[in-house]
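Kindly produce the complete structure, drawing on both the sequences and the hints.
Protein chains: 2
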Amino acid sequence: MQIAIVQLNYKIGDFDNNYAKIETQIKKLSQKADLIIFSELCLSGYYPMDLIDQPSFVETQNTYLKKIEQLTDDLKTSVVIGFIDKNQEKGKPFHNSLCLISHGKRLFTYHKRLLPVYNIFDEARHFAPGKLPGIYQFQNIKIGFLICEDGWAGADYLYEGDPVDDLSNSNLDLIVSINGSPSNIGKQTERIHHFSNIAKRCHASLIFCNQVGANDDIVFDGTSFVVDKEGLLQGCLAQFKEDTALISIQQKKMVLTGFNSYIKPSDAELFYQQTLLGLQDYIQKCGFKKVVLGVSGGIDSAITLALAVKAIGHENVLALAMPSRYSSASSLQDAKALCDIFNVALTPVSIEEEFTLCLAQFEKAFHEKPLPLTEQNIQARLRGRILMEYSNQTGALVLSTGNKSELSVGYTTLYGDMTGGFNLIGDLYKTQVYELVRYFNQIHPNTPIPAAIIHKIPSAELAPNQKDSDTLPEYEILDPILKIYIEGDLLTHEEYQQYKKLIANLSPQLIQRIHKMVDSAEFKRRQSAPIVRVQRRAFGYGRQLPIAATYPKN
Amino acid sequence: MQIAIVQLNYKIGDFDNNYAKIETQIKKLSQKADLIIFSELCLSGYYPMDLIDQPSFVETQNTYLKKIEQLTDDLKTSVVIGFIDKNQEKGKPFHNSLCLISHGKRLFTYHKRLLPVYNIFDEARHFAPGKLPGIYQFQNIKIGFLICEDGWAGADYLYEGDPVDDLSNSNLDLIVSINGSPSNIGKQTERIHHFSNIAKRCHASLIFCNQVGANDDIVFDGTSFVVDKEGLLQGCLAQFKEDTALISIQQKKMVLTGFNSYIKPSDAELFYQQTLLGLQDYIQKCGFKKVVLGVSGGIDSAITLALAVKAIGHENVLALAMPSRYSSASSLQDAKALCDIFNVALTPVSIEEEFTLCLAQFEKAFHEKPLPLTEQNIQARLRGRILMEYSNQTGALVLSTGNKSELSVGYTTLYGDMTGGFNLIGDLYKTQVYELVRYFNQIHPNTPIPAAIIHKIPSAELAPNQKDSDTLPEYEILDPILKIYIEGDLLTHEEYQQYKKLIANLSPQLIQRIHKMVDSAEFKRRQSAPIVRVQRRAFGYGRQLPIAATYPKN
Numbered sequence: 003m004q005i006a007i008v009q010l011n012y013k014i015g016d017f018d019n020n021y022a023k024i025e026t027q028i029k030k031l032s033q034k035a036d037l038i039i040f041s042e043l044c045l046s047g048y049y050p051m052d053l054i055d056q057p058s059f060v061e062t063q064n065t066y067l068k069k070i071e072q073l074t075d076d077l078k079t080s081v082v083i084g085f086i087d088k089n090q091e092k093g094k095p096f097h098n099s100l101c102l103i104s105h106g107k108r109l110f111t112y113h114k115r116l117l118p119v120y121n122i123f124d125e126a127r128h129f130a131p132g133k134l135p136g137i138y139q140f141q142n143i144k145i146g147f148l149i150c151e152d153g154w155a156g157a158d159y160l161y162e163g164d165p166v167d168d169l170s171n172s173n174l175d176l177i178v179s180i181n182g183s184p185s186n187i188g189k190q191t192e193r194i195h196h197f198s199n200i201a202k203r204c205h206a207s208l209i210f211c212n213q214v215g216a217n218d219d220i221v222f223d224g225t226s227f228v229v230d231k232e233g234l235l236q237g238c239l240a241q242f243k244e245d246t247a248l249i250s251i252q253q254k255k256m257v258l259t260g261f262n263s264y265i266k267p268s269d270a271e272l273f274y275q276q277t278l279l280g281l282q283d284y285i286q287k288c289g290f291k292k293v294v295l296g297v298s299g300g301i302d303s304a305i306t307l308a309l310a311v312k313a314i315g316h317e318n319v320l321a322l323a324m325p326s327r328y329s330s331a332s333s334l335q336d337a338k339a340l341c342d343i344f345n346v347a348l349t350p351v352s353i354e355e356e357f358t359l360c361l362a363q364f365e366k367a368f369h370e371k372p373l374p375l376t377e378q379n380i381q382a383r384l385r386g387r388i389l390m391e392y393s394n395q396t397g398a399l400v401l402s403t404g405n406k407s408e409l410s411v412g413y414t415t416l417y418g419d420m421t422g423g424f425n426l427i428g429d430l431y432k433t434q435v436y437e438l439v440r441y442f443n444q445i446h447p448n449t450p451i452p453a454a455i456i457h458k459i460p461s462a463e464l465a466p467n468q469k470d471s472d473t474l475p476e477y478e479i480l481d482p483i484l485k486i487y488i489e490g491d492l493l494t495h496e497e498y499q500q501y502k503k504l505i506a507n508l509s510p511q512l513i514q515r516i517h518k519m520v521d522s523a524e525f526k527r528r529q530s531a532p533i534v535r536v537q538r539r540a541f542g543y544g545r546q547l548p549i550a551a552t553y554p555k556n
Numbered sequence: 003m004q005i006a007i008v009q010l011n012y013k014i015g016d017f018d019n020n021y022a023k024i025e026t027q028i029k030k031l032s033q034k035a036d037l038i039i040f041s042e043l044c045l046s047g048y049y050p051m052d053l054i055d056q057p058s059f060v061e062t063q064n065t066y067l068k069k070i071e072q073l074t075d076d077l078k079t080s081v082v083i084g085f086i087d088k089n090q091e092k093g094k095p096f097h098n099s100l101c102l103i104s105h106g107k108r109l110f111t112y113h114k115r116l117l118p119v120y121n122i123f124d125e126a127r128h129f130a131p132g133k134l135p136g137i138y139q140f141q142n143i144k145i146g147f148l149i150c151e152d153g154w155a156g157a158d159y160l161y162e163g164d165p166v167d168d169l170s171n172s173n174l175d176l177i178v179s180i181n182g183s184p185s186n187i188g189k190q191t192e193r194i195h196h197f198s199n200i201a202k203r204c205h206a207s208l209i210f211c212n213q214v215g216a217n218d219d220i221v222f223d224g225t226s227f228v229v230d231k232e233g234l235l236q237g238c239l240a241q242f243k244e245d246t247a248l249i250s251i252q253q254k255k256m257v258l259t260g261f262n263s264y265i266k267p268s269d270a271e272l273f274y275q276q277t278l279l280g281l282q283d284y285i286q287k288c289g290f291k292k293v294v295l296g297v298s299g300g301i302d303s304a305i306t307l308a309l310a311v312k313a314i315g316h317e318n319v320l321a322l323a324m325p326s327r328y329s330s331a332s333s334l335q336d337a338k339a340l341c342d343i344f345n346v347a348l349t350p351v352s353i354e355e356e357f358t359l360c361l362a363q364f365e366k367a368f369h370e371k372p373l374p375l376t377e378q379n380i381q382a383r384l385r386g387r388i389l390m391e392y393s394n395q396t397g398a399l400v401l402s403t404g405n406k407s408e409l410s411v412g413y414t415t416l417y418g419d420m421t422g423g424f425n426l427i428g429d430l431y432k433t434q435v436y437e438l439v440r441y442f443n444q445i446h447p448n449t450p451i452p453a454a455i456i457h458k459i460p461s462a463e464l465a466p467n468q469k470d471s472d473t474l475p476e477y478e479i480l481d482p483i484l485k486i487y488i489e490g491d492l493l494t495h496e497e498y499q500q501y502k503k504l505i506a507n508l509s510p511q512l513i514q515r516i517h518k519m520v521d522s523a524e525f526k527r528r529q530s531a532p533i534v535r536v537q538r539r540a541f542g543y544g545r546q547l548p549i550a551a552t553y554p555k556n
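Chains A and B, in that order, are what the protein sequence lines are. Basically our numbering = 1-based index in the first sequence + 2. Basically our numbering = 1-based index in the second sequence + 2.
Among the hints, erroneous ones may be present.
Copies of the same chain are indistinguishable here, so a pair counts whether it falls within one copy or spans any two.
Calculated lysine-lysine pairs in the DSS-like style (CA-CA distance at most 25 Å, straight line) [claimed, not checked]: (1) Lys-92 with Lys-133; (2) Lys-366 with Lys-338; (3) Lys-292 with Lys-371; (4) Lys-266 with Lys-202; (5) Lys-518 with Lys-291; (6) Lys-69 with Lys-371; (7) Lys-291 with Lys-526; (8) Lys-292 with Lys-366; (9) Lys-291 with Lys-371; (10) Lys-518 with Lys-292; (11) Lys-291 with Lys-366.
These are computed hints drawn from the structure, not numbers from a lab.
Right, dumping it as structure tokens:
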């Protein structure tokens with residue numbers, strides 16, 4: 003028997019487009035494959051959020067599901083499709099389901115049994131859990147089905163039952179897990195280990211079929227894979243790209259065609275792939291053509307520009323340099339050198355004259371001099387507005403360039419440097435931004451981010467001779483404090499110990515001061531643009547906190 | 003037996019403060035009451051969101067729970083307290099629970115069985131559901147316990163089981179429901195009807211104990227109440243205020259002390275009470291002293307100013323008038339008249355000079371004239387920045403003044419008029435803003451919002467002779483379209499028909515154009531300040547939608 007795995011990039015709610023992609027693959031693979039496997043909620047894209055509850059959403063999906071049924075009518079191939087099914091019993095109105103379609107008919111339907119409600123996931127908001135194991139005898143092989151979270155009962159998040167238990171004593175030939183499994187640091191390897199164990203537990207080969215592509219802040223890496231019944235990895239589909247591959251199962255032996263071997267991405271490679279795909283898909287799925295960003299001569303805007311050029315081409319990126327009296331002489335030079343390397347048009351717009359006017363205007367209106375904080379924020383907000391002028395004029399998407407260290411402690415200006423429709427590096431701590439830049443320069447030696455930008459001392463340049471370290475501890479210290487505070491519970495024991503060691507000698511007062519800064523900046527993050535999620539816990543839906551609250555001491 | 007109901011305003015995570023309030027009431031009521039009932043999660047405040055998962059959160063709560071136990075040691079009174087309990091079995095690590103404490107000991111614990119995961123609620127994110135009915139014989143009365151959602155199984159959101167069924171055949175004397183039940187249009191009456199039916203079904207009197215106060219965008223009205231076993235409402239506690247009251251149960255007859263009769267608030271009264279309390283609590287719980295807002299001479303900023311004055315006093319409100327070349331002559335006059343009536347300091351800051359500079363600067367930088375949209379947004383953003391200057395300088399909270407009609411269709415400028423830390427009227431459609439203003443003028447005849455402001459034609463005044471109706475249909479038509487699109491599924495049949503009738507003659511093209519505007523503005527709302535929730539569905543956590551998506555046609 004020939005089985006095809008199809009790993010595609012779907013757009014949420016775009017049934018026309020998603021169906022067309024699925025149709026193309028079915029037609030293409032129908033001669034080769036007896037069974038074609040698509041990923042979780044592939045017709046709607048994962049995850050449609052409250053669109054699911056819109057009156058026409060599931061109805062519309064069903065017309066396309068019908069088309070797939072009709073398509074298979076004359077074909078010898080069968081397909082497994084993830085879709086939203088109606089719940090006929092009590093509970094939430096829908097199931098997160100899969101069906102096996104053959105010759106125009108749904109032969110088998112399975113409803114996801116474990117619904118994740120943690121971090122970015124909120125599936126119990128829309129779905130009722132299924133109650134029955136998903137076992138189906140397809141021709142000469144006995145298949146056990148899982149949908150994503152169904153495989154994770156034994157991990158960090160405890161459920162009452164474990165769907166894998168029901169598969170483990172069923173003499174299966176094959177387990178098929180369809181997924182909408184997002185990427186973050188460490189996820190690829192964790193997933194393979196985890197599902198290898200499932201294959202071993204069930205004495206069955208296992209196919210893990212994932213989607214690829216980014217939807218808003220969430221990036222899916224694909225990296226679908228196959229393990230044998232000993233739990234040994236047989237091969238992978240592409241990482242961060244659409245891909246298909248074929249498995250031939252003959253007398254319980256597997257032969258794989260079109261697979262890659264798995265190479266664990268380094269953290270820096272993951273940062274690169276993930277931010278790049280995140281940007282590409284946000285631009286493409288929202289219908290933008292161009293982006294604009296402010297380049298300060300600093301490293302955050304430099305890597306954002308570099309990624310934007312790799313994502314959509316230099317001709318679609320515009321850089322604005324907006325110096326003030328506090329910009330160092332080298333800042334504009336560095337910005338120019340950067341734009342030269344990447345062949346990006348650089349438009350200088352000095353904020354000096356307007357800044358001067360603002361200061362005078364302020365004194366006139368309020369009869370006092372602006373405080374240093376007021377002055378600093380004025381500059382950041384002038385720059386934000388100028389970026390938005392260009393955006394309003396041309397339809398270009400403004401990229402904001404704050405990193406996670408800054409956003410964590412609130413070292414950032416609302417409506418100033420936080421201005422923008424999308425942020426590539428907002429889930430990278432500052433030290434990780436450097437890691438990403440080093441990696442970028444390795445793989446793009448002809449378009450390197452200049453050493454001058456990498457080696458300069460971090461500064462917002464909003465006051466005379468200002469340095470980040472005037473206000474914050476060095477990033478080598480700050481970042482581990484933040485990492486432990488924001489996602490300590492999600493780190494492995496080793497990671498946790500490693501970060502803990504880095505801050506072992508710090509005073510509890512310093513650590514508490516940083517925690518308090520993180521807590522107090524919640525109101526700023528609530529108004530942030532979507533940020534490409536990279537870490538185990540990112541700001542946004544993955545971390546939901548009140549603003550008007552007292553945070554107990556940590 | 004004497005039972006006290008305690009309806010207090012808690013601050014999320016502020017265990018010190020919450021415990022102090024609880025302690026005061028226990029001491030005060032201990033001579034009069036055999037049992038004192040507090041609301042859901044009263045120690046932590048409802049709803050702490052992901053704070054629950056912070057390592058020290060539940061531990062800290064437990065030290066205060068211990069203090070309550072110790073407090074009751076020498077007292078004759080017992081107390082019912084809502085708290086977060088540890089889950090000892092599989093599943094999420096905590097329960098949303100109540101316990102009955104008597105003479106220093108927990109006599110009885112009950113875990114909430116139905117966990118709401120819809121609209122603003124996400125309790126399955128943190129809690130495991132309880133499995134057992136909550137029935138306890140306290141002295142000579144048999145009490146059945148419910149926690150909030152436990153009472154709502156039969157309503158719109160279907161669950162597999164119904165905790166009320168388990169109470170209905172148990173020969174109860176009394177049902178005690180502790181709640182964190184937010185207020186929105188229609189909720190007070192709906193709640194009373196609903197729990198009256200529960201009392202009838204169970205042939206038992208019922209006490210509904212709610213919290214009061216606002217936490218970020220969510221306002222709790224209190225309105226705790228008692229119904230007899232025939233389901234007849236016996237009395238209410240205060241609406242939108244802290245309150246306590248006593249019930250004496252003798253030979254199954256109830257005597258009530260300190261109760262009010264229930265008066266259904268009109269929609270306008272609810273708008274008023276809810277926005278007022280929302281603002282008061284956000285200011286107080288975040289530690290602000292003052293607010294600042296832009297007054298345009300329009301109705302949205304006028305009612306926001308009026309509410310702010312009623313919430314924190316005229317001396318704590320500063321108004322900025324920021325006219326441009328497109329401001330009508332009467333705008334500044336109207337703003338002045340408004341501020342005179344409310345005795346609010348008005349600081350004029352003309353944006354004209356800076357606007358002129360921006361236009362010139364734009365042409366110089368980009369070699370073309372700014373488009374009308376660009377020009378309009380520049381003005382809005384200059385105003386936003388000036389408000390933030392004052393905020394940075396003084397620590398005043400900026401109030402943004404966009405209404406729900408504008409926010410729905412995106413007739414609003416990011417970082418411009420959307421600037422602000424909090425929005426009072428962002429969940430009121432424009433026609434409801436007028437309703438609120440009429441009500442305000444009725445109850446505050448000495449400080450009325452001037453007729454000139456009420457009767458002027460709505461305009462953003464960002465272009466020559468601009469009117470809202472140049473871009474949008476009249477609000478009498480727009481608002482019902484929006485109401486049905488955004489919360490049609492939550493309306494009663496009568497409401498739905500009523501709104502439907504108002505738009506019956508409109509072309510489907512117009513309605514679809516409006517829907518598309520709502521869909522396209524999702525990216526703006528994602529960066530909005532918290533908005534006081536008033537309707538059944540508000541923007542924010544109550545309506546979670548993707549940005550990069552295709553919305554199927556409606």
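Right, here's what the structure says about each hint:
1. Lys-92 with Lys-133: For Lys-92 and Lys-133, both the intra-copy (12 Å) and inter-copy (17 Å) Cα distances are at most 25 Å.
2. Lys-366 with Lys-338: The answer is between: 19 Å across copies meets 25 Å, while 37 Å in one copy does not.
3. Lys-292 with Lys-371: For Lys-292 and Lys-371, the Cα distance is within 25 Å only across copies (20 Å; inside one copy 40 Å).
4. Lys-266 with Lys-202: Within one copy only: 21 Å inside, 63 Å across.
5. Lys-518 with Lys-291: Classified as between; 20 Å across copies, 40 Å inside a copy.
6. Lys-69 with Lys-371: Neither way: Lys-69 and Lys-371 sit 68 Å apart in one copy and 50 Å across, limit 25 Å.
7. Lys-291 with Lys-526: Intra 28 Å, inter 19 Å, cutoff 25 Å: inter-copy only.
8. Lys-292 with Lys-366: between (40 Å within a copy, 21 Å between copies)
9. Lys-291 with Lys-371: between (43 Å within a copy, 21 Å between copies)
10. Lys-518 with Lys-292: Answer is between; shortest inter-copy Cα gap is 22 Å, intra-copy 38 Å.
11. Lys-291 with Lys-366: Between copies only: 24 Å across, 42 Å inside.
Going down the numbered hints, you'll see the structure goes against just number 6.
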